[in-house]
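Visitor: Sequence:
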Amino acid sequence: MILLALAAAPVFAACAYLFVLTVASRRRDPPAAGEPSTRFDIIVPAHDEEAGIARTVQSLLAVDYPAVLRRVIVVADNCSDATAVRASQAGATVLVRDDRSRRGKGYALAFAFDRTSADAAAVVDADTIVSPNLLRAFAARLERGTLAVQAASAVSNRDESWRTRLMSLAFALFNGVRSLGRENLSLSCGLRGNGMCFSTALLRAHPPRAFSLVEDLEYGIALGRAGVRVEFAAEAFVASEMVAKGSAAQRQRWEGGRARLARGLALPLLREALKSRSTLLLDLAIDLLVPPLSKLALCIAAGLLVSAAVSAPLWPWLLCAALLAIHVARGWQLSGVTLRDLAYVPAYVLWKLFAVRRAAPSEWRRTERKAALE
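Each residue of the sequence shown is one higher than the one before, counting from 31 in our numbering.
If you're looking for bench data, these hints aren't it; they were derived computationally from the structure. Mixed in with the good hints there might be a few duds.
[Claimed, not checked] Using C-beta positions, here's what the derived DEER-type ranges look like: (1) A35 to A256: 23 to 29 Å; (2) P162 to R130: 33 to 39 Å; (3) S110 to A359: 33 to 39 Å; (4) R370 to A231: 23 to 29 Å; (5) V98 to V126: 40 to 46 Å.
[To be verified] Simulated crosslink set (DMTMM-like; lysine to aspartate or glutamate; CA at most 25 Å straight-line): (6) K325 to E265; (7) K305 to E265; (8) K305 to E248; (9) K325 to D371.
Backbone N, C-alpha and C fix where the C-beta goes; we use that ideal spot for every residue, glycine too.
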């Protein structure tokens, strides 16, 4: 029974953390936007994305922001297809980068950041459509002194299948509930890789030096250590296409990279947070230590089964289940999926667990898109 209590403690801590963020996740009015004056370079790192790059460029060129104050830059990184040609035809400025010894999104972004002359650089993935207010949301924050901003994330093909609808729920939980809670608590919402924005002054003062599969997470932590808070722009979004096969591979890479980063950084970051009495760093450390929801749910289910089998108290695990259920309910509220879709949650959890069983690849690989399959 003592072992069961010890096992329940970290699960409860993770669920309690998510519950606190859930309670704090109320939407607030965005900052008022003035007359646009910030010049943006919108950087799109692309590796063999000829099938869909034109749609992304067209979405970015259609944003509600003066054309003279924004430029779309596609970095055709180690491409073996017509990505550069298609991007140029769609109206983007194209930077071609060929360096087989340094492959990855982080290198592509560093290549573009070094060449930007704008006031700020936004980062959008090559399979993305964006909300028309994206740059205005960024500008409203940058013009009041914010250095780094993260937009909300969504699934562009949400209604394609039950799996894409539950992916939308997962996005709402991780990128919505958690980010809203952290923003409202004046913490750093972290970086998500897609829909990021940085002032050029920040990029010059703290240039990204992260080139792993989770370079966004690494850079967000580096900014936190430098005292820079990433603000969350909940009113603007970037939406990516999700294909089950490609998304499983992407999740495998991301969660594997996140786990490696947690093993190396979580405890040092926790010590640093306690030493400096920084709630921002403490939150970044806790965020690294919280496991994926699928694993939390599996731990709770196992705890309930074992406790019932040995006649141990069930209430610690039931409390964890209740806290997690409240968190998921808030994500469901934000996601727009139906109650009927929640019936597929057990199958989705098993799919996610299977998807991350294998070791994550160590290089940047293009995620499979529907456009490339047609």
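Visitor: Each hint needs a verdict: does it hold in this structure or not?
Guide: So, going through the hints one by one against the coordinates:
1. A35 to A256: 23 to 29 Å: Distance hint for A35, A256 is violated at roughly 39 Å.
2. P162 to R130: 33 to 39 Å: holds (38 Å)
3. S110 to A359: 33 to 39 Å: violated (46 Å)
4. R370 to A231: 23 to 29 Å: About 49 Å separates the Cβ atoms of R370 and A231, which means 23 to 29 Å is violated.
5. V98 to V126: 40 to 46 Å: violated (25 Å)
6. K325 to E265: Violated: K325 and E265 sit about 30 Å apart, past 25 Å.
7. K305 to E265: violated (35 Å)
8. K305 to E248: The hint holds at about 21 Å.
9. K325 to D371: Status holds; Cα separation ~20 Å.
In this structure, the hints that do not hold are numbers 1, 3, 4, 5, 6, 7, in rising order.
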